[in-house]
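S.K.: Protein chains in written order, with this note's numbering: chain A, 15 to 133; chain Y, 186 to 299.
Among the hints, erroneous ones may be present.
With a cut-off of at most 20 Å between alpha-carbon atoms, the simulated SDA-like pairs for lysine to any residue come out as follows [claimed, not checked]: (1) K52(A) to F273(Y); (2) K17(A) to A292(Y); (3) K17(A) to I245(Y); (4) K17(A) to K242(Y); (5) K17(A) to D223(Y); (6) K17(A) to G225(Y); (7) K242(Y) to A15(A); (8) K52(A) to D223(Y); (9) K52(A) to Q226(Y); (10) K52(A) to G227(Y); (11) K125(A) to T271(Y); (12) K125(A) to G243(Y); (13) K125(A) to V287(Y); (14) K30(A) to H128(A); (15) K52(A) to N269(Y); (16) K52(A) to T190(Y); (17) K125(A) to G225(Y); (18) K52(A) to R295(Y); (19) K242(Y) to Q16(A); (20) K52(A) to T289(Y); (21) K17(A) to R229(Y); (22) K125(A) to R229(Y); (23) K52(A) to A292(Y); (24) K125(A) to N269(Y); (25) K194(Y) to D32(A).
For the record, the hints were derived by calculation from the structure and aren't laboratory data.
No experiment lies behind these values; they were computed from the predicted model shown.
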Amino acid sequence: AQKVTQAQTEISVVEKEDVTLDCVYETRDTTYYLFWYKQPPSGELVFLIRRNSFDEQNEISGRYSWNFQKSTSSFNFTITASQVVDSAVYFCALSEASYSGGGADGLTFGKGTHLIIQP
Amino acid sequence: DGGITQSPKYLFRKEGQNVTLSCEQNLNHDAMYWYRQDPGQGLRLIYYSQIVNDFQKGDIAEGYSVSREKKESFPLTVTSAQKNPTAFYLCASSGIRSGANVLTFGAGSRLTVL
Numbered sequence: 015a016q017k018v019t020q021a022q023t024e025i026s027v028v029e030k031e032d033v034t035l036d037c038v039y040e041t042r043d044t045t046y047y048l049f050w051y052k053q054p055p056s057g058e059l060v061f062l063i064r065r066n067s068f069d070e071q072n073e074i075s076g077r078y079s080w081n082f083q084k085s086t087s088s089f090n091f092t093i094t095a096s097q098v099v100d101s102a103v104y105f106c107a108l109s110e111a112s113y114s115g116g117g118a119d120g121l122t123f124g125k126g127t128h129l130i131i132q133p
Numbered sequence: 186d187g188g189i190t191q192s193p194k195y196l197f198r199k200e201g202q203n204v205t206l207s208c209e210q211n212l213n214h215d216a217m218y219w220y221r222q223d224p225g226q227g228l229r230l231i232y233y234s235q236i237v238n239d240f241q242k243g244d245i246a247e248g249y250s251v252s253r254e255k256k257e258s259f260p261l262t263v264t265s266a267q268k269n270p271t272a273f274y275l276c277a278s279s280g281i282r283s284g285a286n287v288l289t290f291g292a293g294s295r296l297t298v299l
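So that you can see chain Y by itself, here it is in the shape it has in the complex:
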């Protein structure tokens, strides 16, 4: 079945360490996204990519980095510059066509900074 795979599901990090969250999709979608979810705050867009080797900052990109070397993959690195990284991270993908597209989401990765 087609879908989005995020790993790891749970991750613990010490302060000052970088950590990379994996996101892989086999839906042949062109666009991919990273959202951050905090309790009571909804989802906020970190980065998105509409095409390989290109990506744009979302609303809260500071302290994060991404790459898009392959259509199927869009890893997110949470750097030590991110002051409050403990959160639930959701990856999504969509096709690209005129108008708005339905996003398909992965199961998420929960990052906890110790």
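For reference, chain A alone in the conformation it holds in the complex:
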């Protein structure tokens, strides 16, 4: 069975600080996909990134960066120079590749990390 653990329930930092959100996953598959989503107070989840298990390169997108390490089964998310607009709940999610090729049987989510950026 697959599982995603986000041990940090809530993080509070002052604006402009860097912050890292941790994500640890468990899966028996050798092929899988990892995701990060952002849920602002409005409630709608916003897709941030998808990474497959064969691509361990770190990725940077503006102030966001992701560190994927298969050796520790982690997919951590760092926000550099945080801003108040970054305040949200962030979810890490996992999908095991479907043998049918469809790959459309949903995602397994972690419980989320509530990030609070104080001005």
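Given the structure of chain A, go ahead and fit chain Y onto it with the hints provided.
M.R.: Below, chain Y alone, put in the same frame as chain A:
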């Protein structure tokens, strides 16, 4: 703009009543999903459908029912058999291709049982 529309945004229900949550998408996506979100519990999969007239149970399907008569629509009925229905319900859709697909989410429906 393409997207997912969920309605109603807020819904109140008396115990013992069934209620149906609407989910419509105009993204031409084949797959649709229903998730339930409780405080501190993340998202849990209720039902999903990869094709019209077919759907599968997720992790917490008991007390819920769905239908998929049209590609664009995937309504969820919360029945009286659901013991603790108060929650935030999120509908999502995705294309189908080899590998995993990015889910696009609606704005959610918040159900409160009085």
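S.K.: What hint numbers does the structure not satisfy?
M.R.: 2, 15, 25
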